[in-house]
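Visitor: One letter stands for each residue in the lines below.
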Amino acid sequence: MNTGHSAAAAEFLSDANRAAWHDQALWFVRQRRDRATDLPEWEALRDRAAALKAHAMGNLAGLLEAFEVRATAGGTTVHWARDAKEHNRIVFDILRQHSATRVAKSKSMLTEECGLNPYLAARGIEVVDTDLGERIVQLAGEAPSHIVLPAIHWKKEEIAALFHTHFGTPADESSPDALAAAAREHLRDTLLHADAAITGANAIVAETGGVVVCTNEGNADLGMHSAPIHIVSVGIEKIVATLDDLGVLLRVLARSATGQPITSYTTHVTAPRAGAEMHVVLVDNGRTARLADPEFRDALHCIRCAACLNTCPVFRRTGGHSYQYTLAGPIGAILAPAVDLAAHRSLPFASTLCGSCKDVCPVRIDIPAQLLAWRARVAAAGALPNGYAAIFSRLGRILADRARFEMAGRWARRVLRFVPATLLAGRWNPWTHAGRKLPVAPAESFREWARREGRVE
Amino acid sequence: MIARAEILAAIRAADVPPMPAPAPVVSPADSTGLHEQFLRTLESVGGTGGICQSMQVVEEVVYTLLGPGRHAVVVLPGRFAVAENGAVYVDADDLANRADVVLATELVLVVPTSAIVATMHEAMRLIPAGSRCGWFLSGPSKTADIEQALVIGAQGAKTLLVVFRD
Amino acid sequence: MRVALAVPCYVDQLRPAVARATLVLLERLGCKVSLAFDAPCCGQPMNNAGAVADARAAASNWAASAGVFDVVVMPSGSCTHHVRHHLPSLIDNASGTHAAQVTFELCEFIAGPLGIAHLPGRFPYRVAMHLGCHAQRGLRLGGSSELHEPTSGPMHSLLSGLEGLTLVPLDRADECCGFGGSFAIGEPELSVAMGRARLADYTSHVAEVLVSSDASCLLHLEGVAHNSLVRSEAKDLRTMHIAELLEEATR
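Respectively, the protein sequence lines represent chains H, D and P.
The first sequence begins at 37 in our numbering and counts up one residue at a time.
The second sequence begins at 3 in our numbering and counts up one residue at a time.
The third sequence begins at 1082 in our numbering and counts up one residue at a time.
What the hints contain is simulated information worked out from the structure, not anything from laboratory work.
Since the model is a prediction, treat every value here as computed from it, not as a measurement.
Glycine included, each C-beta is placed from N, C-alpha and C at the ideal position.
Just so you know, not all the hints are guaranteed correct.
Straight-line alpha carbon distances no greater than 27 Å define the calculated DSSO-like cross-link-like pairs of lysine-lysine that follow [unchecked claim]:
(1) H:K473 to P:K1316
(2) D:K160 to H:K191
(3) D:K160 to H:K192
Beyond 10 Å from chain H on every Cβ pair, some chain P residues (computed) [as the list claims (entries may be wrong)]:
(4) V1152
(5) A1175
(6) S1176
(7) A1198
(8) P1201
(9) G1202
(10) R1203
(11) P1231
(12) E1244
(13) L1248
(14) V1249
(15) P1250
(16) H1286
(17) E1314
(18) R1319
Only part of the chain D face toward chain H is listed, based on derived beta-carbon distances under 8 Å [unchecked claim]:
(19) V104
(20) T121
(21) R134
(22) D147
Only chain H is shown next, with the shape it has when bound in the complex:
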């Protein structure tokens, strides 16, 4: 089975120890989430969070306009970008106008989605990702593998080797304290003296015109309050109507993401400081298209907590890069096909529909329902992988009719019982491909037994 996710998954799993280590690391985060969300009012909070997001999407145009009015009144410049290219151009124009050549960036999956870093680099602007995890993958020339923990797939010895190459720190110094201290020093100058700071936003608030940024490191604050220009890149779906709604969001976000009651820094900024500039770029890039599709619209409620990634046995055991899309895990699997159905057709199938993601999602996105709906869209587009179209068409006819079913079943059991396993089992047979043994087939089906016993015609 060599389509998309499954091929990448096989590769990740070929290093069994590493795969087990990755799985355990993410499971710890899931357990921390469990402890932090063990509040009597937790399910009621999820109801509220789901409701406030549905309310926001149902009033999106009005809320964005209200946000724009208030943000502008505070001195912020609001820009609108229809797609990734437009977003990148807008950001570049702002930087160029200010002759900015070095930018401190802080956690924004949206800028990943838009490919901002390479776009700016090609135009002579250096972008330094200042979150420790983001900086690690940036130095390594990789994409982040997780929304909240970008370098979760890196072992500390590997980070030590990476820092040795780039900072000259001792190659054998792999204690997290020392590595974090080295990164702090390395990033400090950029954070204090960059020409511009770019951040994402965990939310924007229509009522106040405010931008909300949550970090544990404090890097976003150091950059945005030091640099003369602060640019915020944010998807239009990140808006909430009121501060009350923000309060609900802030109660569920960190608890779901990292198992903390709140991040160390939660910044709510509605206006630039005196003498500085603030820009907010509101980005569509396919979001309005998603909004127009009732089957998948609720995926826009996502607050990017990554709880679904941490709980998903598929994500834990195959890693973020196996999804080959900006966002990985269950949420990635329901967003990616909307971007490119053919390229990402394997993602809705990279799931057993176990439902764990749905139960941890703080905004109650019914991810399994959307995965199943995407499978139907893939089928309708004639893009089913692995020869499924022919297989399930045939199976559909056999399983619809008792006579056909019984005959096919009799033959299948005969094959299983009498054809030598050496011929049946092997890497070519998807059931036994990874060594799983074929089932032992009985001589009689249940129905045949029942007939013999006179229990049925």
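Keeping the supplied structure of chain H fixed, place chains D and P upon it in accordance with the hints.
Guide: The following block gives chains D and P in isolation, referenced to the frame of chain H:
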């Protein structure tokens, strides 16, 4: 301008059914034990805290809790504290520079003793109207980006102390 | 009570003992069991693979068979979940809604319509319980760790009531076993890795018996336990469907 019009038009054309906003949360009647809960939570997120009576005593408490030989201590005013998550709300109007919240290595936040609420629901209503910039600060800066190992003191403060005083 | 036994397609062909045990158990509990349920398949395999159009004939046939019965019992959480939540949308008429309303998973039926929380019986073994994901989070037949619920539900209750039975604690009681229908063949390495993880959980807690609500999970886990590529500690683990265990315990 065109982009703005197009995006808004596309949103409206999507015809998403309007949904009511969730009703405001009713504040819990019980607000006892908030300071205890706050201090416990603050400790669990790597901070320390205490309650005292006057500014002079604050200074003593600060140096007692932080220990001798501490330098570069920055003391900032907090507007109120939130018991459920050990956070203190700081408003930029009370600061000389916004960057002060992250520049200090040792940060002390002084909060009026009575200014404490149970959850973020109440906290949101205390954010000053028209605030240009404010923060919820909970514990010192930290990261777990290296193999999930918690490191205290990333780009912000390495220690955070909250002192309640009347 | 008069009930129809609807046998899942793969149980009929590959695991008939599960259907026999279900039949014996239900009769032992005083039900009049009809085996006249003719349709072989509820349509789930096709529907779950996205081949919705290919699922319709099987689903319609299934709903038609269910039409003459007031109660249909299936020894499968996954099939019951499909019938209750997906089958009606595959069918144009009210037969789908009727089928969804009258179909029960086995333990759900015993605890619910039959009103029996505990069965008198003996099963003096260390047992690892595997409630299939569709039974667990689809039908809500067990407490989920994500929702901070303790292990609970009809299957748990029926097992706990048996004399001598020890339910072993597990590290990840409700993690998916990795079968997932077409997933098992579409992502074989991952499917096997997930199965191995479950088996390791059972053996590390010294389970003697693995009991599952779904024979599909069992076929997969058994295949993984006897993996030709990697030796598994679980080779000696006895695997049973809940119908088989309850039937044996109440003889």
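Visitor: Against this structure, judge whether each hint is valid.
Guide: Right, here's what the structure says about each hint:
no.: 1; hint: H:K473 to P:K1316; result: holds, 12 Å
no.: 2; hint: D:K160 to H:K191; result: holds, 24 Å
no.: 3; hint: D:K160 to H:K192; result: holds, 22 Å
no.: 4; hint: V1152; result: holds, 18 Å
no.: 5; hint: A1175; result: holds, 20 Å
no.: 6; hint: S1176; result: holds, 15 Å
no.: 7; hint: A1198; result: holds, 25 Å
no.: 8; hint: P1201; result: holds, 26 Å
no.: 9; hint: G1202; result: holds, 23 Å
no.: 10; hint: R1203; result: holds, 27 Å
no.: 11; hint: P1231; result: holds, 12 Å
no.: 12; hint: E1244; result: holds, 30 Å
no.: 13; hint: L1248; result: holds, 21 Å
no.: 14; hint: V1249; result: holds, 19 Å
no.: 15; hint: P1250; result: holds, 15 Å
no.: 16; hint: H1286; result: holds, 17 Å
no.: 17; hint: E1314; result: holds, 15 Å
no.: 18; hint: R1319; result: holds, 15 Å
no.: 19; hint: V104; result: holds, 4 Å
no.: 20; hint: T121; result: holds, 7 Å
no.: 21; hint: R134; result: holds, 4 Å
no.: 22; hint: D147; result: holds, 4 Å
When each numbered hint is compared with the structure, no violation occurs for any of them.
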